[in-house]
Amino acid sequence: MLQFIKNADNLKLYINKISYKKLFKRIIMIKIGVINVSDRASAGIYEDIPGKAIVETLNDYLTSDWEPVYKVIPDEEDEIAAAMIKMADDEGCCLIVTSGGTGPAKRDVTPEATEKVCQKMMPGFGELMRQESLKFVPTAILSRQTAGIRNNTLIVNLPGKPKAIRECLDAVFPAIPYCIDLIDGPFLECDESVIKPFRPKSS
Amino acid sequence: MLQFIKNADNLKLYINKISYKKLFKRIIMIKIGVINVSDRASAGIYEDIPGKAIVETLNDYLTSDWEPVYKVIPDEEDEIAAAMIKMADDEGCCLIVTSGGTGPAKRDVTPEATEKVCQKMMPGFGELMRQESLKFVPTAILSRQTAGIRNNTLIVNLPGKPKAIRECLDAVFPAIPYCIDLIDGPFLECDESVIKPFRPKSS
Amino acid sequence: MLQFIKNADNLKLYINKISYKKLFKRIIMIKIGVINVSDRASAGIYEDIPGKAIVETLNDYLTSDWEPVYKVIPDEEDEIAAAMIKMADDEGCCLIVTSGGTGPAKRDVTPEATEKVCQKMMPGFGELMRQESLKFVPTAILSRQTAGIRNNTLIVNLPGKPKAIRECLDAVFPAIPYCIDLIDGPFLECDESVIKPFRPKSS
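If you're matching them up, the sequences are chains A, B and C in order.
For the first sequence, the working numbering assigns the number 22 to the initial residue and increments by one for each residue that follows.
For the second sequence, the working numbering assigns the number 22 to the initial residue and increments by one for each residue that follows.
For the third sequence, the working numbering assigns the number 22 to the initial residue and increments by one for each residue that follows.
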C-alpha cells in the first residue's frame, strides 16, 4: 500500500476513494513496540523467542503496514519504564506489548513499570487474559499482567511463554484497534479470517 | 407506604408489625444519586438518555419509595468528585450511580473521581460488569468501571449506553441492597419479579 | 517423615533418593500463618470457627509436615498488619491465610492491611475467588479479598464463613505450591486425591 501511494497519480486515485482522515492515518507508518523483559534473554543466555512470537502474531493479525520497535531488556523496573517512555513519546508507538516479568518472583516487575508510566490503568485486560489462561493452567492466577494508557499509547503486558502469548493476544486483541481509535491512534486494519476487531457502530 | 404511615393510627398498626429499626429506615426517604458524566450531554448537545435510563431501571427494581438526586456534568474529575461528595455527605444518598466516562479516552475520568472520594474500593463490581458486557461485545474490556464506598454511600460506575446500563445493573444490583445494609444505609425493597436482591440468612 | 530422617542412617538413605535442595526444604518445618480477623471472635463472643476451618482444610490438602502459626485478632488495620509482618519476617511463614474483614463495612480492613505489608499484589486470587463464590451467592462481589507477596511470603485473604473458606481455597490452592516455589519458599506436597497442585514442566 505504501509503495502504491508513493506514486503521485496513484495517490490521487487513492484519495478519491477514502477519507482524508483515514488517508492521513494510513500513510503514517504504524509503529508497535515489542519489549521482551527477561534477564536471561537480555544476557544472551536464552534466545528471544517471546519477542519473535509477538511480532509473528501481530503479522498474522494486521493487514495495515506496521513496523516493530523492538527491545530485549532485563527485569529492571527503571529500564522497562524508560523503554516504554521512549517507545511511546519519542518513537510514537500506538501500542506497546511486553512479554515476561509478570509473576510473583522478586525480579518480576513488568506490571509495576507499566503502572509507573501510565496515566490510566485498564483492569479488564488482565482479568480477561487470566481468565483465558485459566482454561489451560490453574497457575494463571499467578500472573499479574495488566494494561494501561500513556497519552496516545496502549501498553499491554503478556506472559513469557509463546503458547500463552498467543492465547492472551487472541483474547484481548479484538478490542485493541477500537481502543487505539479512542486514544487518537492510527486506524489498525486486520485480517478478519485470523482475528475480528470490534468497533461499535456508534463510534 | 409513606402515605399510609403518615396517618398516626396506621403508623401504630404498622409499628406493631415491624421492628423499630426497620421502621426508622423505611420512613426516612431513600435518596439515590444519579450522575450522567458527559461533556456533550452537559452542554446540551446530546439528550440525557443514560441518566433517564438509570432512573427508569431503578423504578423498575425498587418497591421502596425513593427520590433521585440528579446531575448531568462534564468529564471533569474535580466536578465529578465534588458532585459525589455533595450527594453522599450533604444529600445523604445511600447509593450513587454514574454513567459514562469509564473508557480509555483522555476525557474519561469517572473511575479516577470515584477512587478519589472513596475510602474502600470494591473490585468485584467492575469485574462482574465487564464479564457481563463481554457476552455482548469484546470491547467490554476497555471499560474501567469500578465501585467504592464513601462512608455510608456505595458509588457504582456504569457505562454510557442505555442497553449496557441495564445489562450491568441487572448483573450487580442483586448484591446492592445487602451492601447498603452493611454500610448502615436504608433497607431497600425490590420487586422480586424484576430483580432478586440477596441477603444471606445469617445477617 | 521428620521422625524418619532424624535417625542418621535413615537420613543417608534418604539423601540418596532425593536432591539436596528438596531435602533442605523438607527438613525445615513448613510454617503457615492463620489469622482469623474478627472483632467478636477476638473478644471471645464467637467461637473461632473460621480459623479452625482453615487449619482443617490445609491438613486435608498437605502431605508435607507443617505447623500453623495461629492468631485471632480484631478488625484493626494496624494489628492485622503487625501480625502479618511478624508471621512473615520473624516466624518465617511461607504462606499466611486470613479469614474475615473483606466486606464493605466500616470495620472491614483486612485487604487494606494486606496491601500495606505486601510489595506485590496478586489480583488473580481475588478475581478467581469472587468468581467461584458467585456460583453460590450474588453478594460475592461485595468481597474485596486479595492476595500479595511480602518478601518470601504469600498472603491470601479468605472470606469469614467456613463454607466459603473451603470453596475459595479449593479454587486457588492448586496455584499456591508453585507460587511458593517462585518466591523461594519450601516445597509443598499435597494429597492429590484431595487437591491437585500444578507446577509447569519447564519450572
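Don't read these hints as lab results, they were simulated from the structure.
This one's a predicted model, so the numbers in the text were calculated from it and none came from an experiment.
Treat the hints with care, as some may be off.
Below, a list of computed lysine-lysine pairs in the BS3-like style, where the Cα atoms sit at most 27 Å apart [stated by the list, open to error]:
id	chain 1	residue 1	chain 2	residue 2
1	B	107	C	184
2	C	127	C	141
3	B	217	C	137
4	B	141	A	52
5	A	156	B	222
6	C	107	B	141
7	C	107	B	137
8	B	137	C	156
9	A	137	C	137
10	C	156	B	222
11	B	156	A	222
12	A	217	B	184
13	C	217	A	156
14	B	217	A	141
15	A	182	C	217
16	C	141	B	141
17	C	156	A	127
18	C	107	A	184
Chain B regions said to be covered by chain C (calculated; three or more residues, Cβ under 8 Å) [unchecked claim]:
id	segment
19	73-81
20	137-151
Cβ coordinates follow ideal geometry from the N, Cα and C atoms, glycine included.
Results of checking the hints against the structure:
1. With a CA separation close to 40 Å, the supplied pair residue 107/B and residue 184/C exceeds the 27 Å bound.
2. With a C-alpha separation of about 25 Å, the suggested pair residue 127/C and residue 141/C falls inside the 27 Å cut-off, and the hint holds.
3. Simply put, residue 217/B and residue 137/C have alpha-carbon atoms about 36 Å apart, too far for the 27 Å limit, and the pair is violated.
4. Distance check on the hinted pair: residue 141/B and residue 52/A sit about 39 Å apart at the alpha-carbon level, beyond 27 Å; violated.
5. Between residue 156/A and residue 222/B the alpha-carbon distance is near 34 Å, which puts this suggested pair outside the 27 Å criterion.
6. For the given pair, residue 107/C sits about 25 Å from residue 141/B by alpha-carbon distance, which is consistent with the 27 Å threshold.
7. Our distance criterion of 27 Å between C-alpha atoms is broken by residue 107/C and residue 137/B, whose separation comes to about 32 Å.
8. Note on residue 137/B and residue 156/C: the hinted pairing is violated, with a Cα-Cα distance of about 32 Å set against a maximum of 27 Å.
9. This hinted pair checks out: residue 137/A and residue 137/C have alpha carbons roughly 18 Å apart, not beyond 27 Å.
10. Note on residue 156/C and residue 222/B: the hinted pairing holds, with a Cα-Cα distance of about 17 Å set against a maximum of 27 Å.
11. Simply put, residue 156/B and residue 222/A have alpha-carbon atoms about 17 Å apart, close enough for the 27 Å limit, and the pair holds.
12. Between residue 217/A and residue 184/B the alpha-carbon distance is near 23 Å, which keeps this suggested pair within the 27 Å criterion.
13. Among the hinted pairs, residue 217/C with residue 156/A is consistent with the structure: their alpha-carbon atoms are about 15 Å apart, no more than 27 Å.
14. A threshold of 27 Å between alpha carbons decides the hint, and for residue 217/B with residue 141/A the separation of about 35 Å lies outside it, so the pair is violated.
15. Among the hinted pairs, residue 182/A with residue 217/C is consistent with the structure: their alpha-carbon atoms are about 22 Å apart, no more than 27 Å.
16. Note on residue 141/C and residue 141/B: the hinted pairing holds, with a Cα-Cα distance of about 19 Å set against a maximum of 27 Å.
17. At roughly 34 Å between alpha-carbon atoms, residue 156/C and residue 127/A are farther apart than 27 Å, so this suggested pair is violated.
18. As the CA atoms of residue 107/C and residue 184/A are separated by approximately 40 Å, the hinted pair breaks the 27 Å bound.
19. Taking a C-beta to C-beta cut-off of 8 Å, the segment 73-81 of chain B contributes 0 residues in contact with chain C, too few for the three needed, and the coverage statement is violated.
20. Counting residues of the segment 137-151 of chain B whose C-beta sits closer than 8 Å to any C-beta of chain C gives 8, which meets the bar of three, so the coverage hint holds.
Hint compliance for this structure: hints 1, 3, 4, 5, 7, 8, 14, 17, 18, 19 are not met, and every other hint is.
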